[in-house]
Amino acid sequence: MAETPLLEIRGLSKSFGPVQVLRDVDFQVYAGQVTALVGDNGAGKSTLVKCVGGIYSIDAGEYLYEGRPVSVHGPRDAAALGVEIVYQDLALCDNLDIVQNMFLGREIRRGLVLDDITMEQRAAETLASLSVRTVASVRQPVSSLSGGQRQTVAIAKAVLWNNRIVILDEPNAALGVAQTAQVLELVRRLADNGLAVVLISHNMNDVFAVADRIAALYLGQMAAQVRATDVTHSQVVELITTGRSGELGLRGQGATV
Amino acid sequence: MSVSMLDAQERSGEHPSSGLGAYTRDYLARVRGGNMGALPAVLGLLTLVVAFSVARPEFVTAGNLANLLHQGAAVTVIAMGLVFVLLLGEIDLSAGFASGVCASVLAVLLTNFGLPWYVAVLGAIATGAAIGLVIGLLVAKLGIPSFVVTLAAFLAFQGAVLLLMKGGTIVAVDDPTIKKINFDGRFTPLQGWVLYGVTIAGTLALHLWRRYSRVRHGLAADPRSVIALRVMTVAVLLGAAVWTLNLERSKNDAISQRGVPMVVAILGLLLWLCTFVLNRTAFGRHVYAVGGNREASRRAGIHVDAIRIAVFVICSTMAAVGGIVAASRDASVNPNTGGSNVLLYAVGAAVIGGTSLFGGKGRVLNAVLGGAVVAVIENGMGLMEFSPGTKYVVTGVVLLLAAGIDAVTRRRAAAAGLR
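Chains A and B are the protein sequences, given in the same order.
Sequential numbering from 6 applies to the first sequence in the numbering used here.
Sequential numbering from -7 applies to the second sequence in the numbering used here.
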């Protein structure tokens, strides 16, 4: 890839006590592309994402934003760079409505009083810009929404604040077929709107449906980062399960498993 | 661009009011879905009022209505404060005796130290705030469950009242200003009607202004007919109350007793203030958020601990106000002020009014409705000369009923996807 990655991680290592979870990981994320992050359970996907999000400090490695090294020491630093993580368990308040959830913790105020009108308008605009047509009213409580609609709200919340990198942690884990399609469509649209999207997923169909690039982690190491069009299903599965596949993958290790 | 989204917006822009019919259907669907809000309390209140009026005609007299207000005021104020704590899914069992401690502070400062009333009131309210701060810190920072902290406080405060009262004497509260609050303070009939007019006009103006600004920005708003109906209902009910309270209720020709008790204005003001804080400020929004999903709130950058501490401060401060109201009503403070059933009545008032014990759901207005239910039961059964034993049993059953409705509606709501 000739263009500069929006976000680049170089040589990232992370240990929890004696356990080394990530070893010398390189990871690039490009604007306008969906980067799928795949790997078996325990491969280090969540740890990598939390390092990117500033939730974990990194032991070694470089964090480059638009090619410039930056230091990220906490979630606020990451948020300031425009990195937003949408977690698997969504983090929405059931008893609040869509607008209230989208602006939670960042309410627009006029003096002491909440400016509900502006918030409602901006929420509706954001949903419209994502072509969301699944929610009837932005004033309905989140508790009345389906799983797919909730995921949509969570993603829209991440977009609302002009974030440049949105990381989705298994957005389809608990969704049905139709809802999965909706969310994938939304993921694709985020990238088409110029955002850098990282999609963590276990589902190869989902990955190949939307991803431009695929990054496979294997036992804490980056096995390969490839274009989705350059690999097949079974190659990715091999990368996930053994760390290598033909020419691709890790050398001299991992393949013994 | 989404076609249907825009459609919905345009439609709502052109016809912001889809009419009374649609609104009613919407509301019924919500109720069936398990989101009953204050409905059980309102229905219960109506049933009780009708039943007691039939059984004891003197129930609907002006004298009894005034009596009811004086009786229920303290519990209602405490219940309003409890709503904040209950919204987080926490409980404050010490609110009753906290009001007793604050009332004792008031009485001691007034009577034993001879300080002016405003110093005593400030002292009582500061005591309440300090109590809340300590409870909040213990719950939020040390992580002791609020049930245990406030149970301990419940016992300790009971002792504190005895200590402040020097072993159980009654301290008289003779200050005329304090006594005005909930003893003999009344508005003249004219003042009553002026206050009534201001309240109704203010309510109407607020509703219309809110509707106007929503429609101007192309957002869906309540239909005019609904606003009219709502304001008219309030106008009729409050009007009837003001009219009744303006009747002469003194049985002695020498002393005139007419007019709206001043405590009504205090209740109204507190109701407005608490509702404003919960509905229109970021703090209130965060209280609901933390009650709904604490982890989500934390991730959204809300200082969850600060919110938890703040609600206990609010609750105990409101308890202090309740204590002052109670001291005013008795024109004295005794070791049982804020004790016995005050706390249970206050929790009962909040829960009967539809505030969920599971957190995240409830309104201050509901606490007032629930407080009215509790006061009506207490007052009506007293008139019917039931023994105190029966009164307690009935109040207990009503509380259980309310908590049962809460649990059942939660289940229904979960089934209907409305939580």
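Do not take every clue at face value.
Claimed, not checked - Quick partial rundown of chain B residues pointing at chain A, CB under 7 Å, derived from the structure:
hint, residue
1, His209
2, Leu211
3, Ala213
Treat the hints as calculated values from the structure; they're not laboratory data.
Idealized CB from N, CA, C, for every residue including glycine.
Any of the earlier hints contradicted here, and which numbers? 3
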